[in-house]
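*Asks:* Sequence:
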Amino acid sequence: MTQMNLINLLGQLEELIQRAPEVPLTGRAIIDGDLALELIEKIRNAIPEEIRRAEQLQGEREAFLREAQAEADETIQRAEAYAAKLVSDSHVVQRAKQEAERIVDDARRQCEELKREADRYALDVLTDLEGRLTNLLEVIRNGRAELSKGQTNGAME
-7 MTQMNLINLL GQLEELIQRA PEVPLTGRAI IDGDLALELI EKIRNAIPEE
43 IRRAEQLQGE REAFLREAQA EADETIQRAE AYAAKLVSDS HVVQRAKQEA
93 ERIVDDARRQ CEELKREADR YALDVLTDLE GRLTNLLEVI RNGRAELSKG
143 QTNGAME
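Going by our numbering, the first residue of the sequence shown is number -7, and it counts up by one from there.
Because the hints were derived from the structure by calculation, they are not lab data. Mixed in with the good hints, there may be bad ones.
Across the chosen pairs, the derived CB separations fall in these ranges [as the list claims (entries may be wrong)]:
hint, residue 1, residue 2, range
1, E105, P13, 56 to 62 Å
2, Q4, E59, 38 to 44 Å
3, L121, E14, 32 to 38 Å
4, E41, R101, 35 to 41 Å
5, H83, Q48, 49 to 55 Å
6, I22, D111, 45 to 51 Å
No residue lacks a Cβ here, since even glycine has one placed at the ideal position from N, Cα and C.
Please model the entire structure based on the sequences and the hints provided.
*Replies:* If you want it as structure tokens, here you go:
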């Protein structure tokens, strides 16, 4: 079930509550309990998909970081190999060391930037998911509270 289906289900639950006929003089509404429970069950089933999606994104982030580290290591190895080839005279050696250090520094900077970007992306995705789940939880709590009020009022009458 996709994110849009989860949002759609929440919309359906909200619409069910909003369109429910009101009991005169009580401010309470009568909703189809079976339909509300069916929607809540569908929402419950949709939430694990959102969690799986977040876990997948976390796995992708880790794979991305591993690839970035492997690229950085490969770049460092190439730089070291390049420096080793240039060991023929002192001027060349000095230039090779400087070039190797520059390449290594560039590779490290690139690796760090890739890590920062991956962390920012993962944080944004997880923050968005947390917000959506918080909103979903609030809708569910409100729906349950409304259902509970309806049952309590029904029992009192």
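*Asks:* Against this structure, judge whether each hint is valid.
*Replies:* Hint by hint, here is what the structure shows:
1. E105 to P13: 56 to 62 Å: Holds: the Cβ-Cβ distance is about 59 Å, inside 56 to 62 Å.
2. Q4 to E59: 38 to 44 Å: holds, 41 Å
3. L121 to E14: 32 to 38 Å: holds, 35 Å
4. E41 to R101: 35 to 41 Å: holds, 38 Å
5. H83 to Q48: 49 to 55 Å: holds, 53 Å
6. I22 to D111: 45 to 51 Å: At 50 Å between Cβs, range holds.
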